[in-house]
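Q: Please take these sequences and the hints and turn them into a complete structure.
In my numbering, the protein residues as written are 1336 to 1418.
The hints are simulated quantities; they were obtained by calculation from the structure and are not laboratory data.
Not one of these hints is a red herring.
FRET-style restraints, in silico, Cβ to Cβ:
#	residue 1	residue 2	range
1	Y1404	D1381	14 to 24 angstroms
2	E1399	A1346	18 to 28 angstroms
3	S1410	N1368	43 to 53 angstroms
4	Y1404	E1371	32 to 42 angstroms
5	G1403	T1350	22 to 32 angstroms
6	S1363	G1403	28 to 38 angstroms
7	G1393	A1346	19 to 29 angstroms
8	Q1407	I1360	30 to 40 angstroms
Here a beta-carbon is modelled for each residue, glycine too, at the ideal position from N, C-alpha and C.
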Amino acid sequence: MGSVGDSYDNALAETINGLYKTEVIRRSGPWRNIEEVEFATLEWVDWFNNRRLLEPIGNIPPVELEAGYYQQQESPATAVGLT
1336 MGSVGDSYDN ALAETINGLY KTEVIRRSGP WRNIEEVEFA TLEWVDWFNN
1386 RRLLEPIGNI PPVELEAGYY QQQESPATAV GLT
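A: Structural data, given as structure tokens:
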């Protein structure tokens, strides 16, 4: 028996897995060896996390939003002009 939220975690994992298969495995094959798949996977994960523009967060890469979030957490007074 799983814990609360497991079904959402599984749904997200299945969604990302399907996206990966569609965008990398099926589109770029046939593959000659496992190394080709591994390098293509690394390139896709790098793009997905660092360069992909995501509309719901303002057409910026996820890594940029995350960096801004952590910067705001480090200096909340500065973010609201209390310095």
